[in-house]
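I would like the entire structure built from these sequences, with the hints used as guidance.
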Amino acid sequence: MPGHGLPGHGLPGQGFPGRQTEGVDTAISISGVVKRFGQVTALDGLDMEVTTGEVHGFLGPNGSGKSTTIRVLLGLFRADAGQVRLLGGDPWREAVSLHRRLAYVPGEVSLWPNLTGGEVIDLLGRMRGGIDETRRGELLKRFELDPFKRCRGYSKGNRQKVALVAALCADVELLLLDEPTAGLDPVMEAEFQEVVREEVARGRTTILLSSHILAEVESLCDRVSIIREGCTVSSGSLSELRGLTRTTVVARLGRPGDLGDVPGLSVVSVRDGEIRAEVESEHLSDVMGVFAQRGIESLVVHPPTLEELFLRHYDEPGGVTHRGAARPGNSA
Amino acid sequence: MSGASSFAGTGSLVRLALRRDRVRIPLWVVGIVGVLYLSAASMPGLYHSQAQIDAYAQVVGQSPAAVAMAGPVLGLHTLQGIVMYETYLTVIAAVSIMAVLMVSRHTRAEEESGRTELVRATEVGRHAAAASALIVTGATCVLVGLGMTLTLPATPLSTDSSAVYGAAMAALGLVMAALTLCFAQLFVHSRSVTGAGLAAFLLFYVVRAVGDVRNDWTVWLSPIGWVQATHIPTENRPWPLLVPLAVTAVLLGVAVMLVDRRDFGAGLMPTWAGPDRAARSLSGPLGLAWRMQRGPLLAWAVALMACGAMVGTLGTSMQGMIKDNPDLAAYLAVVEGGSIIDAYQATLVLIMTLVVGGFAVWSAGRVVPEEGDGRLELMLAGPLARTRSLFADLLVTVGCVTVLLLVSGVSAGMTYAVVADDLDQGIRVSFAPLVYLPAILVLVGVVVLTYGWAPHWTWVGWLVLAFESVIGWLGGLLKPPAWVVELSVFDRAPRYPLEPLTWGPLLALLAAALVLVAAGRAGFQRRDIG
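Going line by line, the protein sequences match chains R and L. Note that our numbering has the first sequence beginning at 40, numbered continuously upward. Note that our numbering has the second sequence beginning at 2, numbered continuously upward.
One should not assume that every hint holds.
As the list claims (entries may be wrong) - Far from chain R, some chain L residues (derived; all Cβ distances over 10 Å):
hint	residue
1	T150
2	S159
3	A197
4	W221
5	P241
6	D261
7	P482
8	D529
Stated by the list, open to error - Just a few of them, taken from the derived set where beta-carbon distance is under 8 Å, the chain R residues facing chain L:
hint	residue
9	G71
10	R75
11	V79
12	R132
13	L150
14	G157
15	L162
16	L163
Worth flagging that the hints you see were computed from the coordinates, not collected in a lab. Glycine included, C-beta positions come from ideal geometry on N, C-alpha and C.
If you want it as structure tokens, here you go:
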């Protein structure tokens with residue numbers, strides 16, 4: 040596999056070098072952060088914790104405050120209230136020294152129209168104190184980026200690749216990636232995931248990955264934070280988030296009858312006799328008992344996908360859900 | 002798709018363009034017509050006796066440089082002739098630039114941004130974008146022409162001259178618009194389209210200059226020659242305007258053909274690749290700012306060098322003319338017993354300096370789109386302090402301004418030294434524009450201050466420059482109250498070489514500039530970026 044044990048990159052045998060001079064294992068810690076723009080409150084008491092060395096997924100719909108959070112972490116925005124620590128420092132006061140240890144890929148990459156992609160990569164790399172030539176060449180090849188082209192001629196995806204290559208060339212402790220694959224095609228997206236995995240395998244890079252693409256987060260991230268209207272609604276490892284919640288069941292029953300008052304069962308939809316429901320984990324065997332009595336014709340049980348977790352958090356701000364209408368117990 | 006259906010939706014696109022340009026179009030029209038009217042109407046105040054007009058004619062009519070610059074001189078022994086001589090090329094340039102910029106803005110810039118794609122996916126034909134751009138631009142040109150026809154009879158120009166003047170400018174605008182429309186099909190980027198349009202204008206200008214000096218058929222190769230062939234104010238013949246109209250029709254046919262031949266978003270010219278590695282100098286904010294500004298600096302330097310050379314060559318011949326014209330002397334602020342050449346050169350140095358002031362405000366304001374588009378964010382996400390980023394841009398601006406002041410001064414001074422065989426005066430003129438450096442720094446300081454606290458307010462810099470231009474350029478004519486003049490920063494600087502060099506005001510201006518920059522930096526340290 041290319042990219043493993045590159046010269047000058049990664050020090051084999053040195054699993055977790057003591058670069059965290061303070062000995063902290065928290066790369067990012069945000070608590071109660073508030074950020075207002077005039078009347079609009081973009082972040083409203085946001086909490087987030089990112090452990091050193093992990094890939095942390097940062098999920099939220101458009102306008103939920105993901106990019107604002109990242110800009111606060113970069114010291115571009117000043118938080119109105121709350122605590123922010125980044126790599127053991129204050130991102131507003133110590134921006135310059137902290138930025139030496141991190142790299143950033145913005146969600147909407149805008150480049151200098153008359154510079155070529157190669158020039159931009161060199162410029163951004165030199166500002167961080169030089170680039171690894173081998174790594175640069177390798178990343179250009181892997182992302183199929185033409186460095187001779189002027190930036191005004193690049194598509195959105197290609198501009199994003201320029202920012203990605205510039206960020207990944209840097210030998211840093213922390214990568215802040217704001218929807219880095221939004222403009223990439225599926226092949227490039229896969230390549231990106233591969234590069235991130237290699238970066239993780241080197242074992243000393245922390246990555247904060249904000250994304251819409253749940254499959255990407257699901258395959259890359261150890262833990263996720265879900266944010267909505269500037270507040271963290273959920274945070275934890277994927278298995279924690281799943282374990283705490285419900286299991287998804289898709290079943291076809293011989294005699295479905297009224298499922299409205301089966302404890303622990305909430306029906307999402309019934310379509311052509313196919314029941315899609317969620318079961319609270321502790322009631323799983325009770326529900327299976329009820330199903331068995333009513334004659335199971337087909338049954339699929341799987342842990343909730345991130346999509347379902349995600350949608351659940353957006354559907355239930357005050358307990359109101361769209362599921363109620365589909366409850367067969369009510370409509371029958 | 003062909004025939005009428007390929008123009009479907011043109012009407013809605015015209016309305017969209019009018020909505021987008023509801024401020025721009027009136028500004029262009031009022032700007033061009035207004036400035037022309039004001040300068041034409043001010044002529045009788047400057048030259049009231051036939052002797053003064055004859056003196057003017059003698060200076061200008063005998064100088065091949067003047068002919069090369071402003072075209073054939075007709076009826077110079079009348080006030081109308083002077084009006085035409087002083088305004089024609091400026092208006093020709095303004096209308097041409099307007100047409101180029103408008104067409105580029107409504108064709109390639111839209112297509113490049115992807116907005117056209119959004120529109121083209123609806124019930125809009127392939128030719129609708131180009132057609133609407135041409136209609137809107139053409140209508141604006143006609144509006145300018147109409148405005149001139151209606152207002153100019155209130156100046157020394159006759160009704161006939163005014164009508165032909167207006168018609169000529171509308172026709173010229175149409176040719177330039179149609180030509181730019183063709184360029185918009187050839188080049189992929191709006192910058193290249195604008196560049197090609199402006200380069201074409203410069204070429205037309207040079208061809209016309211050669212033709213006018215040689216006084217032969219060469220002028221007919223240039224659209225500027227066609228509109229000058231109307232021979233305002235002596236003959237006022239409209240028939241040469243049939244040439245630009247016919248050429249417009251041909252160019253439109255070419256544009257339609259080109260649209261049919263290319264894919265959406267593509268051009269017919271290759272785009273040039275660049276280096277894959279950055280030069281050694283491009284390794285930080287300073288190198289980046291220099292890289293972004295060196296192109297514009299070169300263009301401005303060439304233009305100001307030409308401008309300075311004109312000022313230098315006309316220097317000697319102005320002397321006799323000013324001596325006999327007290328109003329002109331008053332305009333140039335000739336002091337009793339002072340040297341006329343000093344007064345003339347001090348005034349023109351001030352005017353060149355105000356032009357450099359335009360560069361300064363543009364250059365200092367370049368940080369605003371850098372931040373708005375998100376490029377500054379990319380830089381500041383690296384280990385770069387805000388102050389260093391701000392000062393890198395500032396340093397390049399100040400450096401470029403200093404170079405431009407020197408270029409315009411040395412060009413004017415050395416040309417004068419050669420023409421008049423007066424090296425001492427030439428050296429004095431060479432350094433005269435530099436005297437205004439502190440005043441320009443105040444202007445830059447205003448931009449930095451507004452940028453540091455509220456980047457949406459950097460236009461205030463242009464407002465200050467506009468005020469300075471009115472005071473510097475027209476102060477002698479308008480005679481505003483003293484306290485208004487006192488507000489002018491440029492007026493604080495000594496009018497070298499007319500007035501002696503005094504350091505007090507210059508140091509005060511420098512201090513003011515430093516205070517403004519420091520205040521701006523304080524704001525920039527505190528506010529959110531992006």
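Status of each hint after checking the structure:
| no. | hint | in the structure |
| --- | --- | --- |
| 1 | T150 | holds (41 Å) |
| 2 | S159 | holds (49 Å) |
| 3 | A197 | holds (15 Å) |
| 4 | W221 | holds (37 Å) |
| 5 | P241 | holds (40 Å) |
| 6 | D261 | holds (24 Å) |
| 7 | P482 | holds (41 Å) |
| 8 | D529 | violated (5 Å) |
| 9 | G71 | violated (19 Å) |
| 10 | R75 | violated (11 Å) |
| 11 | V79 | violated (13 Å) |
| 12 | R132 | violated (11 Å) |
| 13 | L150 | holds (7 Å) |
| 14 | G157 | holds (4 Å) |
| 15 | L162 | holds (5 Å) |
| 16 | L163 | holds (6 Å) |
This entry does not satisfy hints 8, 9, 10, 11 and 12, going by the numbered hints stated previously.
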